[in-house]
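Let chain A serve as the given structure and place chains B and C on it in line with the hints.
Chains as they are written, first to last, in this note's numbering: chain A, 243 to 563; chain B, 35 to 330; chain C, 271 to 614.
Treat the hints as calculated values from the structure; they're not laboratory data.
Treat the hints with care, as some may be off.
Stated by the list, open to error - Derived DEER-like restraints, expressed as beta-carbon distance ranges:
no. : chain 1 : residue 1 : chain 2 : residue 2 : range
1   : C       : Asp349    : B       : Tyr222    : 50 to 60 Å
2   : B       : Ala67     : C       : Leu351    : 36 to 46 Å
3   : B       : Val69     : C       : Ala493    : 55 to 65 Å
4   : C       : Glu469    : A       : Ile372    : 34 to 44 Å
From a predicted model like this one, the values you see are computed outputs, not experimental measurements.
By construction, the Cβ of each residue, glycine as well, lies at the ideal position given by its N, Cα and C atoms.
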Amino acid sequence: MTKYIIRRLLQTIPVLIGVSILVFSLMFLIPGDPARVMAGEGASEQTIENLREKLGLNDPAYVQYGRFITSAVKGDLGNSVRSGRPVMDEISARFWITVELSIYATILSVFIGLIAGIVSAVRHYTLTDIFIMIIALFGLSMPNFWLGLVLIQWFALGNLPFGMDMPAWLFDIVQMRPSGWGESWRQMVLPVITLGTGGAAIIARMTRSSMLEVIGQDYIRTARAKGVSERLVIYRHALKNALIPVVTVIGLEFGGFLGGAVLTETIFAINGMGRLTIDAIRQRDFPIVQGTVLVISIIFVLVNLLVDISYKFLNKRIDLN
Amino acid sequence: MSVQTEKVTNATRSNPRVEAFKTFSKRLLKNKAAVVGGLVILFIIIVGLVGPFILKTDPNAQNLVNKLQPPSKEHWFGTDNFGRDIFTRIIFGTQLTLKVGFLSVFIGGIIGVVVGIVAGYYGGMIDTITMRIMDILLAFPGILLALAIVSVLGGSLINVIIAVGIFSVPAFARIVRGSTLQVRKLEYIDAVKALGASDGRIIFLHILPNIMSPIIVQATMRIATAILTASGLAFLGLGAQPPAPEWGAMLNEGRTYMHNASHMVMFPGMMIIIVVLAFNIFGDGLRDALDPKMKQ
Amino acid sequence: MTQQLENILEVNNLQTVFATEGGEVRAVDGVSFVVPKGKTIGIVGESGSGKSITSLSILRLLAKNGKVNDGEILFKGKDLLKLTDKQMRDIRGNQISMIFQEPMTSLNPVYTVGQQISETLIIHKKISKQEAMKQSVDMLKLVGIPSPEKRVKQYPHELSGGMRQRVMIAMALACDPEILIADEPTTALDVTIQAQILELIRDLQNRLDMSVIMITHDLGVVAETCDYVAVMYAGQVVEYSDVRTLFKNPKHPYTLGLLNSLPRHDVDQEKLIPIKGMVPSPHDMPVGCRFAPRCPVATQACHTKPPMLESIGNNEQIRCWMYSEEWDGDSEVTLYGEKRTVKG
Numbered sequence: 243m244t245k246y247i248i249r250r251l252l253q254t255i256p257v258l259i260g261v262s263i264l265v266f267s268l269m270f271l272i273p274g275d276p277a278r279v280m281a282g283e284g285a286s287e288q289t290i291e292n293l294r295e296k297l298g299l300n301d302p303a304y305v306q307y308g309r310f311i312t313s314a315v316k317g318d319l320g321n322s323v324r325s326g327r328p329v330m331d332e333i334s335a336r337f338w339i340t341v342e343l344s345i346y347a348t349i350l351s352v353f354i355g356l357i358a359g360i361v362s363a364v365r366h367y368t369l370t371d372i373f374i375m376i377i378a379l380f381g382l383s384m385p386n387f388w389l390g391l392v393l394i395q396w397f398a399l400g401n402l403p404f405g406m407d408m409p410a411w412l413f414d415i416v417q418m419r420p421s422g423w424g425e426s427w428r429q430m431v432l433p434v435i436t437l438g439t440g441g442a443a444i445i446a447r448m449t450r451s452s453m454l455e456v457i458g459q460d461y462i463r464t465a466r467a468k469g470v471s472e473r474l475v476i477y478r479h480a481l482k483n484a485l486i487p488v489v490t491v492i493g494l495e496f497g498g499f500l501g502g503a504v505l506t507e508t509i510f511a512i513n514g515m516g517r518l519t520i521d522a523i524r525q526r527d528f529p530i531v532q533g534t535v536l537v538i539s540i541i542f543v544l545v546n547l548l549v550d551i552s553y554k555f556l557n558k559r560i561d562l563n
Numbered sequence: 035m036s037v038q039t040e041k042v043t044n045a046t047r048s049n050p051r052v053e054a055f056k057t058f059s060k061r062l063l064k065n066k067a068a069v070v071g072g073l074v075i076l077f078i079i080i081v082g083l084v085g086p087f088i089l090k091t092d093p094n095a096q097n098l099v100n101k102l103q104p105p106s107k108e109h110w111f112g113t114d115n116f117g118r119d120i121f122t123r124i125i126f127g128t129q130l131t132l133k134v135g136f137l138s139v140f141i142g143g144i145i146g147v148v149v150g151i152v153a154g155y156y157g158g159m160i161d162t163i164t165m166r167i168m169d170i171l172l173a174f175p176g177i178l179l180a181l182a183i184v185s186v187l188g189g190s191l192i193n194v195i196i197a198v199g200i201f202s203v204p205a206f207a208r209i210v211r212g213s214t215l216q217v218r219k220l221e222y223i224d225a226v227k228a229l230g231a232s233d234g235r236i237i238f239l240h241i242l243p244n245i246m247s248p249i250i251v252q253a254t255m256r257i258a259t260a261i262l263t264a265s266g267l268a269f270l271g272l273g274a275q276p277p278a279p280e281w282g283a284m285l286n287e288g289r290t291y292m293h294n295a296s297h298m299v300m301f302p303g304m305m306i307i308i309v310v311l312a313f314n315i316f317g318d319g320l321r322d323a324l325d326p327k328m329k330q
Numbered sequence: 271m272t273q274q275l276e277n278i279l280e281v282n283n284l285q286t287v288f289a290t291e292g293g294e295v296r297a298v299d300g301v302s303f304v305v306p307k308g309k310t311i312g313i314v315g316e317s318g319s320g321k322s323i324t325s326l327s328i329l330r331l332l333a334k335n336g337k338v339n340d341g342e343i344l345f346k347g348k349d350l351l352k353l354t355d356k357q358m359r360d361i362r363g364n365q366i367s368m369i370f371q372e373p374m375t376s377l378n379p380v381y382t383v384g385q386q387i388s389e390t391l392i393i394h395k396k397i398s399k400q401e402a403m404k405q406s407v408d409m410l411k412l413v414g415i416p417s418p419e420k421r422v423k424q425y426p427h428e429l430s431g432g433m434r435q436r437v438m439i440a441m442a443l444a445c446d447p448e449i450l451i452a453d454e455p456t457t458a459l460d461v462t463i464q465a466q467i468l469e470l471i472r473d474l475q476n477r478l479d480m481s482v483i484m485i486t487h488d489l490g491v492v493a494e495t496c497d498y499v500a501v502m503y504a505g506q507v508v509e510y511s512d513v514r515t516l517f518k519n520p521k522h523p524y525t526l527g528l529l530n531s532l533p534r535h536d537v538d539q540e541k542l543i544p545i546k547g548m549v550p551s552p553h554d555m556p557v558g559c560r561f562a563p564r565c566p567v568a569t570q571a572c573h574t575k576p577p578m579l580e581s582i583g584n585n586e587q588i589r590c591w592m593y594s595e596e597w598d599g600d601s602e603v604t605l606y607g608e609k610r611t612v613k614g
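Bound conformation, chain A alone (with noise of 0.2 Å):
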């Protein structure tokens, strides 16, 4: 186990290192000049020239690459090229929004995934499972952008279809203010929704087909051969198998939101980081876009991690059958 969690680590470095030289080299991609795409249409060959100094453009790509690592390391990423403020400082002030909305996300898309996940496999090639698996293919289709228009349209501007009328206290949770993330909760269950959703979805499906694998193994029937009732067998013998590879989805879905965060944030104007990307990107401000994708991958890839030594920690006793 030991011997797994340090061979683990020392897989993670490399992966930090390709992602560091791959976020750094974006700016390579940049077709022409970057210093010039950066400033902007209509700016001054000095400025031009100022901005290419200040980035350090003029060094050859090795030593550039060099700077961006060492300060990396230090928190150092650099300023941006319109606020003229520390890239990690502009993250900082956004970074709890988009962690805590996907946190949420994930605890949603757990919770719901997997009682559909469970009551599908329990009820297999009943209506019931037919129904839910039609629901999970619909929330594994939906563009989250879609749900989050439509969830506004509905909840926040109260258009709901058919002229339905929506009850005070329904409109009490889902009101959304457009601005002052952070108030309170209610502001968090429209965006959650929209980013959960598909999570849900997914983990609904993988825990139907885990349930199915395992109910179909020997240690079921000998749980069934010893007396033990049929609900017992499937929460008490099943379940707890079933949920072991399941495991592993949360954390690609936790980082998944982390990524989706950016659409979520838009549709419902909140200032997390996903926001602060696309609003970089638009304004070519290419240190702060570096900052995000990097800070994203980085954590993305800790969390992953965490979930494989986790995931070895509880499949060691299966491992070895």
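Showing chains B and C alone in chain A's frame:
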């Protein structure tokens, strides 16, 4: 005598594959959902290819007097903020959606399959290095990798195809590598090798045909993901540029008018769902038919 | 041998079917046998003969696509097929227990050995967790597991295959059942371990005075452990007799074939003679005797009319035309190099 033996081995070699294909198509046809999914895909492709010629109207024809009209007999899906017919735009947009879906998966698939086979077949350092590179690509969660690539290349349909293509590479590479490792272990590969077959011959004639099923399933599922990702990029204004009738871009335009013209958002969104759903269902069906073990 | 024994289990005309892609399949078709109290009965046959399905039918543990169509399974006079699910659960693991072929996969990987043995005790005896754990230790001791106090806290993956099968036995016997069904309990184990497990089952049977149904494909296991034997072929019992008679004077051509394809030490054999042909597919059963296509002495009647399981003599039943009044072949036949007179 030797000719005869040749014939026999040929027959025994091709027969199992024909048989496998027969059982596969039988199982696929039995799966009603998959058949419906396949038919919807077929229908969408036909609409994408033929639709623009039948309609003969200009998807960008503006008519400001008629702007933001709700669905009616003249305008089935209503009109947008420039008075353009949304139905026409959606039909014309079908081609863009399919182009993004198929081309990006084609690009990502080719690269991914080559990487996966090479890594799985040669193993050792090549395997370690290529798979680590795939890990690096996978370290950018969700839409982020495609977003980063498009952000530097600039927003356009072709750049979205490239970005989503690259985004698809690791998924293919991993699956293909896994399948290659399994096939490589089979004894007959050793036998063919002992007979002096070149690596290229073994890969193309003996490994590739044996791992086609997971590749096909993966490609179908990836098209769904690719369409979703591309529409997300377009929604952010990083895909096909206006006035292209790209569905995601239409959603982005419709956002502003949602309070009084929700049809601008509803119809393109539903089209995306239908197409993505069709590919997902068809992919599920393919997987079940190709690998019945996965289905209980 | 003639003394009348009380039968604890009676299986009459059991018929189990499975719904498959190619239509309904009769995996067990009219199986009958009795299990005398305190004795071991072997059910022997090739894979696919329906012996495991028979045992799963008794405990009503068939997979979802399988069901018992006909027949009765009388346990102490009560028909198990007529019980409610709840009543059936009270019998499973309590009065009738079962152990399986694959000890590696038959224990739940996420619970300790102790938890799994305790569960049976808690369900059926309604005792506390602590008490159940104490009895679990005793059970592990009973099945010969060294340092049971330590083992009880271990997970299945920490035990060897033989150990796991002992744990399975401990679990099965925890509630002191009247019947133990052992479905190929030694097939997946090493040869040396096999002997130990069989020895253990035999020893515990004597001590606990229970009946054992031993499902196996191995006539060696039958010879070593069983009092009575039912030979199954293609979903039917073709011969039922006590074990001595079966080995000394096998009657059914299939039984003879099985014995002849085994190397034996007690008699001189010129060579081993395999049974020709293959087990018929359940989708395509012969109309007459199911063994007829492979039988060296099959006649016209054998191919057209299915024989019944008939009693001949004391405690012996045979499903073969050769031993009936209607036999239309020679009165003296040669079976696997052995002359025998079938009808006087």
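Structure versus earlier hints, numbers of those that do not hold, lowest first
4
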